[in-house]
Each structure stands twice: as C-alpha cells, then as structure tokens.
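Visitor: Now for the letters of each chain:
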Amino acid sequence: MLQIKDLKAKIDNKEILKGLNLEIKPGEVHAIMGPNGSGKSTLSNVLSGKKGYTVSGNITYLNENLLDLEIEERAHKGIFLAFQYPLEIPGVNTNIFLKTSLNAIKKAKGEKELDAIEFLKLVKQKASELKFDEKILSRQLNVGFSGGEKKKNEILQMSILNPRLSILDETDSGLDIDALKIVSEGVNALRSKESSFLIITHYQRLLEYIKPDFVHVLINGKIVKSGGSELALELENKGYESLS
Amino acid sequence: MIEQLKIDFDKIVGSLELSNVSLKFRKKNFNQFVENGFPNKRIEDWKFSDLNQIISSNIENLHFYSDLELSKPDETIFIDKFIHNKIVFINGIISNIDFSQEDETKVLLTRDLNQSENFKEVNPLVSLNNALTASYIRVTVKENYSLNKPLIIYNITTKDLKSTALNLKTDIVLEKNSSLKVINLFDDNSENNFMNIVQNFNIGQDAILQNYKIDHKKNSNIKYFYNNINLEKNSISENFIFSTGSKFIKNEINCNLKDEYSSAFINGILNLTNSQHHEIKTNINHLAENTKSYQLIKSVLNDNAKGIYQGKIYVDSKAQKTNGYQLSKALLLNENTEFNGKPELEIYADDVKCSHGATSGNLDEDAIFYLMSRGLSHQQSKELLINGFLMDAVEKITDEEIKDLIKNMIGITE
Numbered sequence: 001m002l003q004i005k006d007l008k009a010k011i012d013n014k015e016i017l018k019g020l021n022l023e024i025k026p027g028e029v030h031a032i033m034g035p036n037g038s039g040k041s042t043l044s045n046v047l048s049g050k051k052g053y054t055v056s057g058n059i060t061y062l063n064e065n066l067l068d069l070e071i072e073e074r075a076h077k078g079i080f081l082a083f084q085y086p087l088e089i090p091g092v093n094t095n096i097f098l099k100t101s102l103n104a105i106k107k108a109k110g111e112k113e114l115d116a117i118e119f120l121k122l123v124k125q126k127a128s129e130l131k132f133d134e135k136i137l138s139r140q141l142n143v144g145f146s147g148g149e150k151k152k153n154e155i156l157q158m159s160i161l162n163p164r165l166s167i168l169d170e171t172d173s174g175l176d177i178d179a180l181k182i183v184s185e186g187v188n189a190l191r192s193k194e195s196s197f198l199i200i201t202h203y204q205r206l207l208e209y210i211k212p213d214f215v216h217v218l219i220n221g222k223i224v225k226s227g228g229s230e231l232a233l234e235l236e237n238k239g240y241e242s243l244s
Numbered sequence: 245m246i247e248q249l250k251i252d253f254d255k256i257v258g259s260l261e262l263s264n265v266s267l268k269f270r271k272k273n274f275n276q277f278v279e280n281g282f283p284n285k286r287i288e289d290w291k292f293s294d295l296n297q298i299i300s301s302n303i304e305n306l307h308f309y310s311d312l313e314l315s316k317p318d319e320t321i322f323i324d325k326f327i328h329n330k331i332v333f334i335n336g337i338i339s340n341i342d343f344s345q346e347d348e349t350k351v352l353l354t355r356d357l358n359q360s361e362n363f364k365e366v367n368p369l370v371s372l373n374n375a376l377t378a379s380y381i382r383v384t385v386k387e388n389y390s391l392n393k394p395l396i397i398y399n400i401t402t403k404d405l406k407s408t409a410l411n412l413k414t415d416i417v418l419e420k421n422s423s424l425k426v427i428n429l430f431d432d433n434s435e436n437n438f439m440n441i442v443q444n445f446n447i448g449q450d451a452i453l454q455n456y457k458i459d460h461k462k463n464s465n466i467k468y469f470y471n472n473i474n475l476e477k478n479s480i481s482e483n484f485i486f487s488t489g490s491k492f493i494k495n496e497i498n499c500n501l502k503d504e505y506s507s508a509f510i511n512g513i514l515n516l517t518n519s520q521h522h523e524i525k526t527n528i529n530h531l532a533e534n535t536k537s538y539q540l541i542k543s544v545l546n547d548n549a550k551g552i553y554q555g556k557i558y559v560d561s562k563a564q565k566t567n568g569y570q571l572s573k574a575l576l577l578n579e580n581t582e583f584n585g586k587p588e589l590e591i592y593a594d595d596v597k598c599s600h601g602a603t604s605g606n607l608d609e610d611a612i613f614y615l616m617s618r619g620l621s622h623q624q625s626k627e628l629l630i631n632g633f634l635m636d637a638v639e640k641i642t643d644e645e646i647k648d649l650i651k652n653m654i655g656i657t658e
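Heads up: the protein sequence lines correspond to chains A and B, in order. Going by the working numbering, the first sequence opens with residue 1, and the numbers climb by one from there. Going by the working numbering, the second sequence opens with residue 245, and the numbers climb by one from there.
Because the hints were derived from the structure by calculation, they are not lab data. Since this is a predicted model, take the numbers as computed values, not measurements.
Under the rule of at most 30 Å between Cα atoms (straight-line distance), these lysine-lysine pairs were calculated in the DSBU-like manner:
1. A:K5 x A:K25
2. B:K626 x A:K109
3. B:K640 x A:K135
4. B:K651 x A:K106
5. B:K651 x A:K135
Some but not every residue of chain B turned toward chain A, in silico, with C-beta under 10 Å:
6. E609
7. I612
8. L615
9. M616
10. L634
11. M635
Just so you know, even glycine gets a beta-carbon here, dropped at the ideal spot from N, CA and C.
Model the full assembly from the supplied sequences, consistent with the hints where possible.
Guide: Encoded structure:
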C-alpha cells in the first residue's frame, strides 16, 4: 500500500528526515517510536502533504506517486492524519465541517453524497461507539474542547471518513487512561484487511491497547531498528540511548 | 459644482411646501455646506476616507436634483422569507408605504418636511442633507406597542438615475416601552450616485430598537450614512451593519446613552473585494450612570479593498459604572488590501470598565492544512474559515429571521 524509499525532508534548510525507508502492506499496523526531534511529526506532515518541506526520495501509495498529489487529493484517496494538536476553528460548526469533509471525499470518489438525515444517522452511530457526547458536535470545531475531546474528535473523524491509511501522530499524548482505552477501541474497530495504520508515539503505553505488527525506531531522521511488537517493550526498558 | 448646486437647491426648495422657519434653516445649512464643501483628509475624522477626492474621481458632473417621475418598485426584490411592513424609496422618492400588519392607531406616520428633526452643524454632509432633503418620513411607535412584524425600508435606485446626489431623511421615534425591528435594505441599479442618508432614532424609556442595515448588492455608488441614536432610561439599541455592496460607504453612528441602564450594541461586517472602500465610524457617548455599550466589527478584505473602523467611546464625568467594549478584527487576504483601525477612549469618570482591541492578519495556514487534510479543497477551506470568522459577528444578531437572511446573503449554509 505504501512504500517509502530514501525519503529526505528539509525545512528552513535543516534536514529532518535523512533517508527513511518503510513499507506498509494492507491490513498492517506499524508503530514508529522515537525521541523528541527525531522527525516523527515531519514524517506524518510529509505523508499528508503539508507545505513548507523540501522533499526528495520516493513515496508510492496505491501505485501512485504520493508526492505528486495535493493535500486534499491524498485525503480523497484514503490518507488520514490524526493531528497531534488538532486546530481550533472558530465559527465553524463541527457537524457541518464533518459533513463537508465526508461529502468532499465521497464526491471525489464518485460516490453519492449523504444528505443531512443520512449524515446525522451515521454521525450518531459513530459518536455512540466512541462514547462521544453528540452535543459537542453542534459546537464550534475543537473550540473549547478539552485535550481528550480533541483527540476523540480526531478518531471520530477517522471512523466517519473510513480511510485506507491512518496516521496517528501522538494521539495518546494528553489522554487519561479511560480516554486512551476509548480511542484505542475506536482504532481497533477500524482494523481490517484493507486498512493500514501508522502510529507515531513516544511511549509504549498506547501499543498495549493497539497491538502493532511492526515497530520501528526513528532516530535522527532514519529508521535505525525494526522489529515486532516486542521491540516496543525493549525500548521502554532500555530507552533510546541504547540504539543511538 | 457649486453653480450646479445653487441651481439645484433653488429647484428643490421651490418644489417643496416649506414654512419660513424651515426655509431659513435650509438656507443656513446650504451656506454651511458651500463654505466647507465635501470633507477631505485634512479633517481628522476623514483622514482615511477623503470623500472630496472620492467623489471627484468617481462622479463626473454631480447634480443634486432629479426630475425622474415616480416609478413602481420591482416587487421581485422584496424579501419573501417573512412578512413585513414596508417603506419603499425609489430614486429618493417614497413610492409605497405598507403597515397593514399593524394597529394603525399605534404606528403614526408623517411626511411633513417641516417636522423633521433638525441637527445643527454636525458636519458639512449633514448640513447638505438638511438643505436638500426632499423625501422624509417619520415613524412614531406609540407607548407600549410592539410591532407585530419587522419594518423593511427599501432603498431602490433604477438605471435611469445617473450621477445624482440623493438626500434622504428618516426619523424613528419609539415611545415608552415600545419596540421596533427595522431593516434598511439597499437595492442599487443606478450608477455613480452619491447618497446621503440621515436617520435619527429617539428611543424612549424601556423601549427596544433592533436596527439592521444591509448593503449587499454590488454597485458603483458612494454612500454616507449618519445615524443619531438617543437612548432614554433602560432602553436598548441593537445595530448591525452588513456592508459589502457599494463602491464606497462611510457609516457614521452617533449614539447618546442619555439615561441610566440604557445600552447600545453596534456590530457589523465589512466584506469587501476589488477597490471597495468602506468605513464604520462610531461615537458612543456614555452620559449617565450604569450605561453599557458593545461593539464588534469583523472585516474581510480582498483584492485592493480598504476597510476602516474608527470607534470612539466617550464617558462623561457623570457616567460612573459605565461598561464600554469594542473589538475590531480584520482578515487581509491579499497584500494590496489595507485596514485602518482607530480606537479612542475618552474617559472622565473614575469607576468605569472600558476596553478595546484590534487585530488584523491573514488566514491561518495551519488551519487550511487541517481542513484540506480532511478532503476540502483550498477554496472550500478558505470559505469555511472566512465564514467562521464572520459568524462571530453574525451570531450577535438577536432576531433569528434576520440572522438567517444575512447568513444566506453571506453564503453560510447549515
């Protein structure tokens, strides 16, 4: 599904990613762990198309050159980034935003757009699965949401948009244990043969709830070690120092 | 221009039935205007909007008298979303008055020019209006009466009207414990006119005025509004300005909080493109204890547009416990746009709460990235953010029907 070859990314002339290689197949869950400043968020930004990076190397996604696609085209083709810091958008109603987003993707795929009633039904169902208070959806997007509510809102969007490749950028940061469980259940419910996940995290904690197939260690812009889920435990015990 | 003005003044005055007092008043005001001319940027209040220059570069051969005959309104422009009372001005002449929704003993109308409120020497434009007004209406709402339906004052111009100045005057009187919702709606089909519209509002004790001004249709006209609002004890004036249609507008509001517990709200939107140039200028005068004022102005500027907000809060030494607030936020979508904000607080009492704020900036690129990462196009993301930015001010409109009307005009759907 996703092949990254020798990916380098610079911002303001500073090289952050220094030749990263990664392959994700359909249905796989990959975790990327690494210390602060190792390039984890840069990787998620480059994958979702954020401007401002000078990028070289190759990224193939569903047999297309991902780097040729605009931000919204990547979303249309099933890439979803759950933000580390979801933005507050004043004056924009959360429900209206969700509907606009879902229908933009449906339209791009040539599928029938949902009307207000169909949409509300879907959103109600997904919100109750995530134990997410629906009332919050009639508020302005992320405005005044707690840290946990913002993250849950990201997972709600993910479950409504039903992406092929979900990138979770430190979704566990700032979550208490109950919220972490709910968010993990949301992710686990979306696991399937077709959909893949790239989970970026500092800590092993999240991986107790979402069991990854592969764990990669990202240090100084490169993957220095890959392994199975046991690697996460090893890191938790020994720290990143042992690998750098 | 002065020669034309003199000829037109004689024609206008000759066509009206004026008392000697009125005639004298008009002559005096006429001379005041002739002495001063249109305001230019050397005058402090006009430093961001040089009207003299704007008129001379946009209107050739400005004249002040029109002999167009009364025409019938194009009814398709009437708002059909809710039932309302109507006053219809076409090319500056009142063509239609309809208060059939109301108890006619409770809403009194007069068109006698000799009875209009007369302001003295506010500025040359008000003097010009005093001298040349040919169309006038006063609406008086009697004590304890609340209108069943809103009043829409339609201001329509037709294609036949060119390079003509129109001077209109309206007085609204709300007696004790009465209420009125009024919308001033503009439908400009003419070109290169100068419209000078003076409105006075006397709001009695416990009375409530909701006053909405909608200038939405794109046009090449130049408008000056002078609104004077007098508030008695425990009365409320809510104002909303939706300013997006005309080439140039200066909206000037002078608001006198004359007695205790009166409050004034002035909120508005400037949404401008091309070389549009709109200004809101307010003077809020807190003249008694426990009075309140609130102002929120949101501006979105595109292309070469220019927006201005000059907001002044004056607190008299008698006006203890005043609560005054103003905030202006502007989005500049292009480097050729310009926004000027000038907040002024002039406070002579010591126990008051007054604050002001102003920001201007571009759209948040991270917010655009967030929305685009959810499948929205760049254009859709921009629109959503701009509408969200404007919603803040729109949400201040307390009448739901009128709020929906304005949301529709902006293109906000729910």
